[in-house]
Amino acid sequence: MDKTYSPHAIEQRWYQAWEDNGYFAANPEAEESYCIMIPPPNVTGSLHMGHAFQDTIMDALTRYHRMKGHSTLWQAGTDHAGIATQMVVERLCNAEGKTRHDYGREEFIKKVWQWKEESGGTITRQLRRMGASLDWSRERFTMDEGMSDAVQEVFIRLYEEGLIYRGKRLVNWDPVLHTAVSDLEVLSEEENGSMWHIRYPLSNGQGFMIVATTRPETLLGDAAVAIHPEDERYKHLLGEFLELPLTGRRIPIIADDYVDPEFGTGCVKITPAHDFNDYEVWTRHRHTSALMDTPHGGLFNILTVDASIRADGLIPTQYHGLDRFAARKQIVADLEAQGLLEKIADHKLMVPRGDRTNAVIEPLLTDQWYVKIAPLAEPAIAAVENGDIKFVPDNWKNTYFEWMRNIQDWCISRQIWWGHRIPAWYDDLGNVYVGESEQAIRDKHGLAADYVLKQDEDVLDTWFSSALWPFSTLGWPEQTPELAKFYPTSVLVTGFDIIFFWVARMIMMGLKFQGQVPFKEVYIHGLVRDAEGQKMSKSKGNVLDPIDIIDGIDLEPLVEKRTRGLMQPQDAPKIEARTRKEFPDGIQSYGTDALRFTFASLASTGRDIRFDLQRTEGYRNFCNKLWNAARYVLMNTEEQDCGLGDAPCEFTQVDRWILSRLNQTIEATTHAIDHYRFDLAAQAIYEFTWNEYCDWYLELAKISLQSEDAALQRGTRKTLLTVLETVLRLAHPIMPFITEEIWQRVAPLQGITGKTVMLQAYPTADATQTDTAAVAGTDWLMAVILGVRRIRGEMSIAPGKPLPVLLQNGTEADKTYVSNNLVYLQKLARLESITWLATNEAAPESAIALVGEMQILIPMAGLIDKTAELARLDKEILRIKNDLPRVEGKLNNPTFVDKAPADVINKEKSKLAEMQSLLNNLELQHKKISLL
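Quick note, the sequence shown lines up with residues 8 to 939 if you use the working numbering.
Source of the hints: derived by calculation from the structure; they are not laboratory data.
For lysine-lysine, the following DSS-like pairs were computed, each having C-alpha atoms within a straight-line distance of at most 30 Å: (1) LYS882 <-> LYS914; (2) LYS808 <-> LYS934; (3) LYS545 <-> LYS581; (4) LYS397 <-> LYS519; (5) LYS379 <-> LYS519; (6) LYS492 <-> LYS404; (7) LYS397 <-> LYS75; (8) LYS581 <-> LYS568; (9) LYS916 <-> LYS888.
Computed Cβ-Cβ distance ranges for the label pairs, DEER-style: (10) VAL312 <-> GLU443: 26 to 32 Å; (11) ARG291 <-> SER210: 22 to 28 Å; (12) LEU844 <-> ASP681: 49 to 55 Å; (13) GLU103 <-> GLU445: 30 to 36 Å.
No experiment lies behind these values; they were computed from the predicted model shown. By construction, the Cβ of each residue, glycine as well, lies at the ideal position given by its N, Cα and C atoms.
Given only the sequences and the hints, what does the whole structure look like? Please build it.
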């Protein structure tokens, strides 16, 4: 093995070997199956920290179950990402001075496929860098032929059952993309705005009502003004009408519980074609005579698809064609000129913006296709209630229930070209025909070849095809062997933010078309946040790229990367300054295994994780520790007798102890992974490997290796290899690369055959292998050695100086332990002599450590320079006494305590407690040495 651990020297080499040899494919001979479906990343995407965290968990589960002997499939695939992909290719067209309309639909779609083949594989390459053992031979794409067949089949069957329909309703409309978008594609953030208070004159000439709004331009589409039915200020006005400012139209005053009488003026303008809440109010009142007598029954759209004011007879001509925000300025000016503007107040409001365009999203009344969702939701709710599907952590089922029990019909159409085109055709009479093709429709309905049919221009929402992912990827609608073997899948690993958009819809579609749930468990993980707990976002400049952490990146490329393509370019100087302060030397290379171990160590169920590169640095050190331990073991075992033959092996107490602790670590790790506690699994592996195997056993084993007893040497060599090889298998699901590299060198020395560690059996715990006596004896030994070392440290005694030790108050067991461990005590504690004192025998002035009731006494006389040590202690005591008032003063300052964050205050309190404890110890030490 190389002297220094270098992840770049091994990672891509091993991944290529695994993939070339087909190790990621499911074992067809295994009886028990295990399947995970990857949440398909966008084909336009690149790996971010959320992906890397999620994929680490999925790969750890996949490798774990593969090693457990299950027929394991981690299904690979990507999503066609309708809007995002179309935007990418449209930008390429724009660079040529063209638009998609210049190419036409068919040619533009060809360009998208060409882009996908040439440039759409970024994220799959990055997944390979993360060590993801997906079965790439089965990779699917949501627009491939088989997936298209599944999508079409589902649409047609739902339509024929009356569960898909076309209707006019409000949607989130992106005026730049000219399409409806899902709630997940709308980002709402608080912004500074205004509240305009407008006078609506009563038609009877008896005054006016004041209505407050953040969108004055929408008054052009008002259908009514609503008040709370119990609001005494306005009850007498019910049934009256108002003159809608600037329009010449009359609108009624209505009563609805939706209105909060305590907010604003208690009068709410109702604009049902441009506000979701107003639409619900309109729905409740639509059949009243007051609304039925208004134009279009009050449901009146004022905007074009690009959010300009429509040219309509109900809208004053001076506003026709104005952009919505230009119209706002003109309307406010006109209101003021007519004396109808009461006041303008500053107001903070949540502004919805498209995540792709940053454009303000408009609620817009449009014709769209919908899934009637309530009949599908009922069995999906029951599946979680009766335990067919289990959420981990369990509390997330409440979030699921809350949404499912208040579910709205699902808008599935999008006004773009890239996607699954809706299989519906229209004739000139407005009749709708749904089928697999135009010819199939003509044949079914007896329509002649010259009978005009036109296919719907819209495509399906990307989430529609994703909802079929657990069974469409396995070959449905064909009844394939893979579908029979792997459906239902074992677990879905995903974030809480798509429980509604993806998880719930997969459950509904799986039950509808397979008659079974799509997965048995849903593991919900938290969001990856930065070290301060803030959400990672480009605008904050705190985004980390997992590939940069793996490979490293210099400062200037990092700055350029973080400030490129910002929606708000003015943020760039702030982000640059933050980056230079946080990473003055750029980001060093940590390698994949260290990053994966960091994610695992933070993966407690359901909580958001604070990602700190210092932890990754610590786990890079852990990789180094494991590498160096392996080099030491190999140096002492290669070309040596390691107990594989017939010669006898003798195992010491510490050999039996490390094997016992290994067995307990296997049990803890297995239990943790089985319960999705990857943090506890990582902790168990780390603590055993670093603290027990590397720090203790390798030191203790040196004594046996240096003995002249061949059987003892064989036993220790065998134990060194057994534990190391087992640790490599134990850690492999989390740290695949370094474990494979070391295993290739270690396994042959144990006579283990096999081409890769990833296909070896995962370690299993065996309670009979735990030697409690060896554990108790070695724990005692380590406690004594630590006690002596602590005294050396406190008294500044040189580590190599042999010490006389006095023991007192020991039990018979202690005396046996001393006898059994004498050689270890002498060599590792560096003891000159060990003398037992009688229980009441007076001892010289000594430093004391306790192991149980037994006292370890080290006489101080002659061991230290009394004058120099007292001078050192005086200096330390004075330093702490000088620092204490500053910390105490801060905590006694009411201004600091009232205003500082809780974590800052707690940090200061901890600092104070540590300083006081240290001062007490130093003063006690000073007193002891003064008596020498």
